[in-house]
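A.B. asks: Model the placement of chain D on the given structure of chain V, informed by the hints.
If you read the sequences in order, they're chains V and D.
Take the first sequence: its letters are residues 905 to 978, numbered as in this note's numbering.
Take the second sequence: its letters are residues 66 to 320, numbered as in this note's numbering.
Careful, some of the hints might be misleading.
[Unchecked claim] List of simulated lysine to any residue pairs, SDA-like, C-alpha gap at most 25 Å:
{"#": "1", "chain 1": "D", "residue 1": "Lys246", "chain 2": "V", "residue 2": "Asp955"}
{"#": "2", "chain 1": "D", "residue 1": "Lys246", "chain 2": "V", "residue 2": "Arg966"}
{"#": "3", "chain 1": "D", "residue 1": "Lys246", "chain 2": "V", "residue 2": "Arg961"}
{"#": "4", "chain 1": "D", "residue 1": "Lys246", "chain 2": "D", "residue 2": "Gly209"}
{"#": "5", "chain 1": "D", "residue 1": "Lys246", "chain 2": "D", "residue 2": "Glu234"}
{"#": "6", "chain 1": "D", "residue 1": "Lys246", "chain 2": "V", "residue 2": "Arg944"}
{"#": "7", "chain 1": "D", "residue 1": "Lys246", "chain 2": "V", "residue 2": "Gly969"}
{"#": "8", "chain 1": "D", "residue 1": "Lys246", "chain 2": "V", "residue 2": "Val962"}
{"#": "9", "chain 1": "D", "residue 1": "Lys246", "chain 2": "V", "residue 2": "Arg950"}
{"#": "10", "chain 1": "D", "residue 1": "Lys246", "chain 2": "V", "residue 2": "Thr948"}
{"#": "11", "chain 1": "D", "residue 1": "Lys246", "chain 2": "D", "residue 2": "Thr210"}
{"#": "12", "chain 1": "D", "residue 1": "Lys246", "chain 2": "V", "residue 2": "Glu965"}
{"#": "13", "chain 1": "D", "residue 1": "Lys246", "chain 2": "V", "residue 2": "Ala967"}
{"#": "14", "chain 1": "D", "residue 1": "Lys246", "chain 2": "V", "residue 2": "Asp938"}
Simulated from the structure, these hints should not be mistaken for lab results.
Just so it is clear, the structure is predicted and the values come from calculations on it, not from any experiment.
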Amino acid sequence: MPLFHKEARVIPSLGYCAHDSGREMEDAAAMLADDPDIVRTVITHRFPIEDATEAFRVASERAGGAVRVVIEPS
Amino acid sequence: MKAVRSVEGEWRSSISTSRPCRGAARHAGHEYLRLRPELHPVREPGHPWSRAGRRAPGRHGGRRRGHLRLYGVSAMSAWCVQLVPDPRAACTRHQRRRRHGRAVPCAVGPVGPPPDGLDVRDASIVEPAAVSWHALRLAGTGPGTRVAVVGAGALGLLAVAGARRLGAEAVALEARHQYQKEAGERLGRGSMPTACSMSSLRRPERKRAWPSVASSSLRAGRSLSSASISARPAGLDAAVPQGGPGDPVARLLRP
Chain V
905 MPLFHKEARV
915 IPSLGYCAHD
925 SGREMEDAAA
935 MLADDPDIVR
945 TVITHRFPIE
955 DATEAFRVAS
965 ERAGGAVRVV
975 IEPS
Chain D
66 MKAVRSVEGE
76 WRSSISTSRP
86 CRGAARHAGH
96 EYLRLRPELH
106 PVREPGHPWS
116 RAGRRAPGRH
126 GGRRRGHLRL
136 YGVSAMSAWC
146 VQLVPDPRAA
156 CTRHQRRRRH
166 GRAVPCAVGP
176 VGPPPDGLDV
186 RDASIVEPAA
196 VSWHALRLAG
206 TGPGTRVAVV
216 GAGALGLLAV
226 AGARRLGAEA
236 VALEARHQYQ
246 KEAGERLGRG
256 SMPTACSMSS
266 LRRPERKRAW
276 PSVASSSLRA
286 GRSLSSASIS
296 ARPAGLDAAV
306 PQGGPGDPVA
316 RLLRP
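In isolation and in its complexed conformation, chain V is listed as follows:
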């Protein structure tokens, strides 16, 4: 109902695409490259590939502080 009361517009958004001046994937990569704090904040855990099972366990427990979990091959 709040949507109707405020005559709000809802814009579904799916994935990403190119635009007139480039591609959103490149825009996002540039943002991450310019500000390393974003990567440090969003990637909360890293595991070697041998501990992939533990990585998935940690990733499934959001209350435990996991945002993004990265598995790095050795």
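C.D. replies: Relative to the frame of chain V, chain D by itself:
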């Protein structure tokens, strides 16, 4: 989609998890793979029928290209990727659905290496960052806009960072956990006047604080409701990234 993986170098490994994807012979990285030094493919499209980086907003048609195919397979709370070197080995969409449930076939296309300053091991979050970026861009985020982000998972946090990058005047974040609030404050430094709380945005006497853009990144009906409540009347752009059976719009439109 809570776990992402990066692979650098020649791909030989097979990741075994406690809940492996049925039918997936091998699991490699998710968003950003580097299979050979001269090839930097990235799992770019987020839609089954999209071409890598070629589609316009709202157009998801297109043929798959390239000699490799990746299949993002939803497996419980995580995503895995199946690498199919031989296109002839690929099954039909109907078969994929039957075998993998919500399987999402994707094409890959070679793109450049990560920009300077971004390690390939960190590039796995480029894809979700692009998802958030797309929603912000569709909603018209820019200088002078005030953005409310509902949900503080990876998409929500990256939406905070993206809104700041796009020059939003103010960014507010609704987060469930304390660590998410702290992460949001770090990413939205200098632009989060409400300190991760939407409550003040909803007071009529603080109309100035109503955001002109609301980005809902939580896959629940209440997130869209919360975004719409916190938004200014008549003119809200509530961008809801990433569709799916559990997304707010699907729930809203379900008969």
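A.B. asks: State for each hint whether it applies.
C.D. replies: Do the hints match the structure? See the list:
1. D:Lys246 / V:Asp955: Answer violated: Lys246 (chain D) to Asp955 (chain V) is near 28 Å, above 25 Å.
2. D:Lys246 / V:Arg966: Holds. Lys246 (chain D) to Arg966 (chain V) sits at ~13 Å (cutoff 25 Å).
3. D:Lys246 / V:Arg961: This hinted pair holds, its Cα atoms lying about 22 Å apart.
4. D:Lys246 / D:Gly209: Answer holds: Lys246 (chain D) to Gly209 (chain D) is near 24 Å, not above 25 Å.
5. D:Lys246 / D:Glu234: 19 Å, holds
6. D:Lys246 / V:Arg944: Holds: Lys246 (chain D) and Arg944 (chain V) sit about 15 Å apart, inside 25 Å.
7. D:Lys246 / V:Gly969: Satisfied, since the Cα-Cα distance of roughly 11 Å is no more than 25 Å.
8. D:Lys246 / V:Val962: 19 Å, holds
9. D:Lys246 / V:Arg950: 21 Å, holds
10. D:Lys246 / V:Thr948: Holds. Lys246 (chain D) to Thr948 (chain V) sits at ~14 Å (cutoff 25 Å).
11. D:Lys246 / D:Thr210: The given pair, whose Cα atoms are some 21 Å apart, holds under the 25 Å limit.
12. D:Lys246 / V:Glu965: 17 Å, holds
13. D:Lys246 / V:Ala967: Between Lys246 (chain D) and Ala967 (chain V) the Cα gap is close to 12 Å, so the pair holds against 25 Å.
14. D:Lys246 / V:Asp938: Distance ~23 Å between Lys246 (chain D) and Asp938 (chain V) Cα, so the pair holds.
Hint check: a violation occurs at hint 1 only; the rest are consistent with the structure.
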